[in-house]
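Peer 1: Next come the chains, spelled out residue by residue.
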Amino acid sequence: MWSAVESLFVAVLNHTRLITLASPAETPLAMLYQQDVMLALQRFWADQGCLVAEPYDVEKGAGTMNPHTFFRALGPEPWAAAYVEPSRRPVDARYGENPNRLYQHHQFQVLIKPSPDAIQDTYLASLEALGLHAREHDIRFVEDNWESATLGAWGLGWEVWLDGMEITQFTYFQQVAGYECSPVPVEITYGLERLTSYIQGVDDVFDVLYAPGIAYRDLYQHQEYENSTYGFEIADVDLLTTLFGLYETEARRVISTGLVIPAYDYVLKCSHTFNLLEARGAISVSERQAYVGRVRRLARAVAEAYLHQREALGFPLLKPLADRHYGRAAIAADEAAASTTPIAPAAPGAPIARVPEGSAV
Amino acid sequence: MSASSSRGAARSPRDTPRRAAAPARRDLLLEIGVEELPARFCQPALDQLAADLAAALDATRLSHGPIATYGTPRRLAVLARGLAVRQADRDTLVKGPPARAAFDATGAPTRAAEGFARGQGVAASDLTIQEDERGSAYVYARKHDAGRVSAEILATILPDIIGALDFPQSMRWGVHDLRFARPIRWILCLFGNERVPFALDGIETSSTTRGHRTLGPAAPVRVPNPKAYLVTLAKAGVVADPTERRDRVWSEAKALAGDLGGAPRHDPDLLDEITWLVEHPLAFVGRFDTAYLDLPADVLVTEMRVHQRYIPLYASAPEGVDSADGASATHAPVRLLPAFVAVRNGGDLNLDTVRHGNEKVLRARLADARFVWDEDRRRPLVSRVDDLRRVVFQERLGSQYDRTARIERLAAIIGESLDLDQHTRALIARTAHLAKCDLATLMVGEFPELQGIMGREYARADGEDAAVATGIAEHYQPRTAADDPPVSLTGIAVGLADRLDTLAGFFAVGLIPGGAGDPFALRRAAAGAIAIILGRGFHVSLASLVDAALAGYTTLDDRTRAAAHAPLRDFLRGRLESALAQRDLRTDVVAAVLDAGADDPGDALARAEALQRGLDSPDLAAVAAALKRVANILAKAPPAETTPLSVNDAAAATLIPSEAALWQAFRQLRPAAETALTSGDYPGFYRLATTLKDPIDTFFDQVLVMDPDAVVRRRRLGMLGTIANLLTRPADLQRLTGG
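Here the protein sequences line up with chains A and B, keeping their order.
Residue numbering for the first sequence follows our numbering, starting at 1 and increasing by one per position.
Residue numbering for the second sequence follows our numbering, starting at 362 and increasing by one per position.
Any given hint could turn out to be false.
As the list claims (entries may be wrong) - Estimated spans, in silico, between C-beta atoms of each pair:
(1) A/G201 - B/D709: 27 to 35 Å
(2) A/H222 - B/L621: 26 to 34 Å
(3) A/H308 - B/G480: 53 to 61 Å
To be verified - Using 25 Å as the maximum straight-line C-alpha spacing, the simulated SDA-like pairs for lysine to any residue come out as follows:
(4) B/K596 - A/D121
(5) B/K721 - A/L51
(6) A/K269 - B/P529
Unchecked claim - To list a few chain A residues with every Cβ distance to chain B over 12 Å, as calculated:
(7) A53
(8) P76
(9) A81
(10) I112
(11) P116
(12) E166
(13) F170
(14) S197
(15) A215
(16) G245
(17) I261
(18) D265
(19) K269
(20) S284
The hints are simulated quantities; they were obtained by calculation from the structure and are not laboratory data.
Backbone N, C-alpha and C define an ideal beta-carbon position, used for all residues, glycine too.
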């Protein structure tokens, strides 16, 4: 079932290239700023065959919600991407006064599908690229299973410990939006603030140096104060409740037209609005489940639309670059084909929907 | 059975003696190389691997010696000693047509015999004649299955064994369809010094393993033969024997603690988990600021033990008390040292870096805990009752606030029915009001396992009554089957109310456990309720408690509540049955007692204990046997004739001597027996019952109950019915099976 193009991806990924920085015994570890950590990880994963993507410009709680993960984890097409994602968690806000808790933190997210055989070694090599050599530390893969009720997604894996500190979530996705993942993607999520504070040897996240002369405090402490105040005290509950309903209505309407990304933007807005309402203490016990269910149903519907769309496009990433077509041309071709020939079968051996709605987590 | 002639003496070439093979037995090694398995999966998987391999070898007639298992988070291994290189040969005898139909007059095989022989794959000349068990002669084919080469069989059975390993959770990875607890990365399989070739979902076996990630070589390591497995891995930095790793961790922890004048507590669960988190353990000491010792000890221990898998250290116990291993230390005052033992997966290179890293992590955690502790105490616990509106109990059963209100009501009813004094009842009311408040604290939000414990700590800090603080913590007891029920009356009343409320709610909305599944731990809740009742020897009526608990769900309609009553009572009876069985009471005694009434668990226990002791006397057993006979007779008699006999009826009749003797004996003991029953003196009751042994025996020896005369018959049936009614009241003696 794997095309030549895809095997290129996999060949690159399975070939673990250990980055050869100077051995730490010879060279003292140079100061790594937060931005250096980001750049080093981008360089490392680019060398492993990942495309280096940008954060997605709609508010979200985790890098998993970036379309580069949420959608690309679905269906039979291969994928490999790495990106930094600012992640907003209104309930974790602490007015910029807690050394570990933030309204917005940054994840470095890697998603590779199918998961390569040597992915653990590759991950450990990525730490070497940051000067963290396994021999000099205690690096552990400790069971930790992940699930997102709003995305209908779950997976099994670990939290990775560096000398007792959790620095990464490492997850083999099993389901996304209630769909069984096949092939299985692996998601690696580094907590950038934690990693950098460890490397820089500081206890308070606001002491982390982002760049020469600029601390995390300079960039974010006041913003943390503002967002905390907004989330806990100022946010207009009635307005947000109305917005949630409007976003949901628009998401549904757009999904029904088959437009995936515009619909998904509204799903993300629903999710963030729900998070704000929760932080504001505006959601009761019985309402909470209902809200989560509403977002999950939207995520499910938009995932279904995405899978249909990719199928209609002939799963482009299973084809050579020259044979991939998108946009109006692809749709016109598809409609022409549909009027003359029976609907093309799905990619052989690649069931895209093996799990019914009810089994979503 | 007689042997008979064998026709044709030609031997199959397969039967010629094989040349003496080199060693006839070799060792088998299978190692499944994986990405780090969850610690809790490992030992059960090894046990299953050994059992499944033994079963498969036996089923395929591969004789073998002892089977051992080894494992680390990255490998599950099984080693079978002295496995035969060949399957045992097998001869089977297959019965064919009758001998007379098999050979014609000339002794030549008939078509029937030829067909049979062909079907069995033997020559007709090889058929034999034997008599079967009824003495008729039949033709038999002797089939010989030569044993196959073991390596071939292993290549068939081993992939199935690996694929069939059952984990609490399994996953897929990459493009594989195979499911396993974590991705399989290699399979090492050796039979003697040769690889057993097979593949599992594309993963080919090899004769190499992998060493420790940092202590071993980067390249795969060849294992020359199964015997060399442990040594090869040891050279590559892996301690493959979990027992050895466990022992090392424990002895290193004790030694390190001793240097600090302290000791670790016996904690098998933690030790097991640590054992399965490392391939090569190295224990080291880390420290934290003594200022944190002001935090509740349970918070410190949870941070260290649960979240970081560190071994907490305690100041050494005074002379004579072994705090490291004794269960008695559980209730001793806890004095933690500001230090812990952590276990690294590796060697001592840069150990200080690792130590500082771990200390830093714990420091951050303790700083957070301190912050949360201070933050939570800015408001009294009682002020959080309202916050419970926002904490979910169960989707369909409302919030913890609703639950609290129901528990308060039910605890009050329980306090009343136990005849407790006003002061105690006030304390119970307060405990019930505060019992769930800690669910709304930040600390329990972070550490759900500290529910109850934090409630106690915050209640103490608020200056609540000590009985209230204790009751808040104890109402969750017993937390496990091995845990003790609460001791305080506050803990007892609220704990019982809590469990009954949970059971009533779940049963009312139809979330009733079935089969093995019990997602809401309702069996544990019911067992806890029974343990609390039995622990204190209370007398309560389960039926009224169930009614009272169901009545608390005012949002449900009467029909729904009424429908839940019987299933819940039966469910509690089931737990009562297991609770009694766990007290070494005979199953039939328990069943006999519960059949006669299971509503008051304490009373059921008293009856069961008295009956079991009474049955030590053969006389009571004889009375029980006679009552069984009575039951049989009464069951067969027409219902119209079994009206119990009244004293007057008996007096009016002329009784034969043995009849009169039994009746007289019964009449004599009846008032005392009734008194014994009323006062709960069951041993006394059974002593009285025992005295009926001789009269009953004589009666059955000399009296024909089913007399042809209907009047006599009715009298005798009535007499026996009256006696049985009384004697089976505390326990249905007719149900005793002697087991």
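Peer 1: Hey, is A/F170 genuinely clear of chain B, shortest beta carbon separation above 12 Å?
Peer 2: 9 Å, violated
Peer 1: Can we trust that A/K269 is non-interface, i.e. its beta-carbon lies farther than 12 Å from all of chain B?
Peer 2: At about 24 Å from chain B, A/K269 clears the 12 Å cut-off, so the statement holds.
Peer 1: Does 26 to 34 Å hold as the CB distance between A/H222 and B/L621, or does it fail?
Peer 2: 45 Å, violated
Peer 1: Going by Cβ atoms, does A/P76 stay more than 12 Å from chain B at every point?
Peer 2: Violated, since 10 Å does not exceed 12 Å.
Peer 1: If we take the beta carbon of A/S284, is the closest beta carbon in chain B still more than 12 Å away?
Peer 2: 6 Å, violated
Peer 1: Non-interface claim for A/S197: all C-beta distances to chain B beyond 12 Å?
Peer 2: 9 Å, violated
Peer 1: Does 27 to 35 Å hold as the CB distance between A/G201 and B/D709, or does it fail?
Peer 2: 21 Å, violated
Peer 1: Does the alpha-carbon distance linking A/K269 and B/P529 stay inside the 25 Å limit?
Peer 2: Roughly 36 Å separates the two Cα atoms, so the pair is violated.
Peer 1: Using Cβ atoms and 12 Å as the threshold, tell me whether A/E166 really stays out of contact range of chain B.
Peer 2: Non-interface label on A/E166 violated, nearest chain B Cβ at 9 Å vs cutoff 12 Å.
Peer 1: Any Cβ of chain B at or closer than 12 Å to A/I261, or is the non-interface label fine?
Peer 2: Consistent with the label, A/I261 stays out of reach of chain B, its closest Cβ about 28 Å off (over 12 Å).
Peer 1: Would you say A/A215 is clear of chain B, with no C-beta pair closer than or equal to 12 Å?
Peer 2: 18 Å, holds
Peer 1: With d taken as the least Cβ-Cβ distance between A/D265 and chain B, does d exceed 12 Å?
Peer 2: It holds; A/D265 is separated from chain B by about 30 Å at its closest Cβ, greater than 12 Å.
This entry does not satisfy hints 1, 2, 5, 6, 8, 10, 11, 12, 13, 14, 20, going by the numbered hints stated previously.
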